[in-house]
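Listed below, chain by chain, are the residues.
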Amino acid sequence: MTVVLASIWGVWAPYLPSFLRGLVITMEITGLGLAVAIVLGAILAGFKLSRFRTLRLIATVYVDIVRSIPVLVLLFLAYYGLGQLGFTLSGIASATTALGAYYAALLCEIFRGGVQGVEKGQKEAADALGLGRVSGFARVILPQAVLRVLPPSTNQLSNIIKDSSLVVTIGVADLMARSYQASASTFRPMDMFVLAGIIYMALYLVIARAIERWELNVQRRRG
Amino acid sequence: MSNDVVVELEGVRKCFGPRVIFDDVSLSVHRSEVVAVIGPSGAGKSTLIRCINRLNTFERGVIRALGHEVYGTEEGKPALKRDELRELRTEIGMVFQTFNLFPHLTVMKNVMLAPQRVKGLSEAQATARALELLEMVGLSHRKDAHPRQLSGGEQQRVAICRALAMEPKVMLFDEPTSMLDPELVGDVLATIRRLALDGMTMILVTHEMMFAKEVANTVVVMADGRIAEMGPARQVLSAPKTERARSFLERVLPHTDGGGVTDVRTHPQDQGGPIAGPIDSIGGSALWSREADEEELL
Numbered sequence: 001m002t003v004v005l006a007s008i009w010g011v012w013a014p015y016l017p018s019f020l021r022g023l024v025i026t027m028e029i030t031g032l033g034l035a036v037a038i039v040l041g042a043i044l045a046g047f048k049l050s051r052f053r054t055l056r057l058i059a060t061v062y063v064d065i066v067r068s069i070p071v072l073v074l075l076f077l078a079y080y081g082l083g084q085l086g087f088t089l090s091g092i093a094s095a096t097t098a099l100g101a102y103y104a105a106l107l108c109e110i111f112r113g114g115v116q117g118v119e120k121g122q123k124e125a126a127d128a129l130g131l132g133r134v135s136g137f138a139r140v141i142l143p144q145a146v147l148r149v150l151p152p153s154t155n156q157l158s159n160i161i162k163d164s165s166l167v168v169t170i171g172v173a174d175l176m177a178r179s180y181q182a183s184a185s186t187f188r189p190m191d192m193f194v195l196a197g198i199i200y201m202a203l204y205l206v207i208a209r210a211i212e213r214w215e216l217n218v219q220r221r222r223g
Numbered sequence: 001m002s003n004d005v006v007v008e009l010e011g012v013r014k015c016f017g018p019r020v021i022f023d024d025v026s027l028s029v030h031r032s033e034v035v036a037v038i039g040p041s042g043a044g045k046s047t048l049i050r051c052i053n054r055l056n057t058f059e060r061g062v063i064r065a066l067g068h069e070v071y072g073t074e075e076g077k078p079a080l081k082r083d084e085l086r087e088l089r090t091e092i093g094m095v096f097q098t099f100n101l102f103p104h105l106t107v108m109k110n111v112m113l114a115p116q117r118v119k120g121l122s123e124a125q126a127t128a129r130a131l132e133l134l135e136m137v138g139l140s141h142r143k144d145a146h147p148r149q150l151s152g153g154e155q156q157r158v159a160i161c162r163a164l165a166m167e168p169k170v171m172l173f174d175e176p177t178s179m180l181d182p183e184l185v186g187d188v189l190a191t192i193r194r195l196a197l198d199g200m201t202m203i204l205v206t207h208e209m210m211f212a213k214e215v216a217n218t219v220v221v222m223a224d225g226r227i228a229e230m231g232p233a234r235q236v237l238s239a240p241k242t243e244r245a246r247s248f249l250e251r252v253l254p255h256t257d258g259g260g261v262t263d264v265r266t267h268p269q270d271q272g273g274p275i276a277g278p279i280d281s282i283g284g285s286a287l288w289s290r291e292a293d294e295e296e297l298l
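These protein sequences, in sequence, are chains W and H. For the first sequence, this note's numbering begins at 1 and goes up steadily by one. For the second sequence, this note's numbering begins at 1 and goes up steadily by one.
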């Protein structure tokens, strides 16, 4: 057993620095994409909850279209498609755009559900106290909605991390691309992709557990 | 409208779609008056008081509150601008059947939120006011707890403090004890009783007939979408004039002059007796209507 482990370690060790540089790029893409997705998703959710039909319609159409297109197609549209139109985006910018656009559509639905899921009596209590729409939302609805959307949003985080690996197709040197190169130059795809998988898994689990712990803490404090 | 009138309803009608909940409801509430609204489940009692701070809209008639000559609905159009409505709501305290405390905030913050955000009180001012109110209801030791850590009775008393912190000119109570375990009702009623003694104007939807008799000046019996009877509490509750009010009260009051049906709780011998006897009275007891309303809520 020790021998096997030692020999695997021997294969992995030289590539580890490269993999970790790739991990940084993966995290960068994921983080930027997620940031765009959260901001755009929140705006779209606001549209969906708006009193104005036009805004609701815009959000609905956006969500329906974007959600039904594979992320890879969105990525190629951003990278090659926009390039053809003269807006040349870097690989990372394309990935941020594609992932941000796609996950905004998914988060929009989660956010909307989170806000609508807050008990009706909460809004009524805020209204009855004369809290305005802004402070009623910011002080009463939003803090409760955030806790509700955390678990399904964490779920999407795992997907966005995994989808970030699609950038291998447009030549960004992320974790996926580096494991691919390593497997090609060593002829040991099993070892290299297992290592990549372990690193992806570690990234997700660390973040997910941190969020979960924070959530539990908040819930415990609220009794 | 005399200066003394705090809330006035004139020919108010409320529908949900084609269904008329109540119609032609007129009512004046004077300063320091305590009005208890009673009646069978589904009579629209809660809906009625929710119209006063416009948590519900209504279809016809006029409601005047606190001198604001507003609230009329001409063809369903609200006569109040959003800011005016918000302003008015700051002067109308509301206590809900389900408490509706803010679960993410501590007891203190629940009470402090609106005074700080709406009235612009400083942290220190809001803290002082909240502590004073919590002291009054005997809950200052729970100030750092979150609502879910409190019993229902405690939550409701905090909810009363939250409303009082805005220094309202009138308080609306929407079945404040209906969701409480029987042994927790007393503390909440004691708090309301104390407000009555302090001269607070209150409109109270309740199933607690004995409490209504004791605290209310005026009792309004709503049934079949109308005010069936309205008058001084003692008179309405012990000698109702209308048939509709009498038949309702006979079913919920332990000792009405009408006799006939009695409340099982006051006659322990009935509980051990054959099932045939008290079925009707169980169905009509105050205890039962509480449960029926809970079902409605679900």
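FYI, nobody ran anything at the bench for these hints, they're computed from the structure. Misleading hints may appear alongside valid ones.
Below are the PhoX-like pairs computed for lysine-lysine, each with C-alpha atoms no more than 20 angstroms apart in a straight line [claimed, not checked]:
#1 Lys119(H) x Lys169(H)
#2 Lys81(H) x Lys123(W)
#3 Lys123(W) x Lys119(H)
#4 Lys143(H) x Lys109(H)
#5 Lys109(H) x Lys119(H)
#6 Lys109(H) x Lys123(W)
#7 Lys213(H) x Lys241(H)
**Hint check, failures only** = Those not satisfied: there are none.
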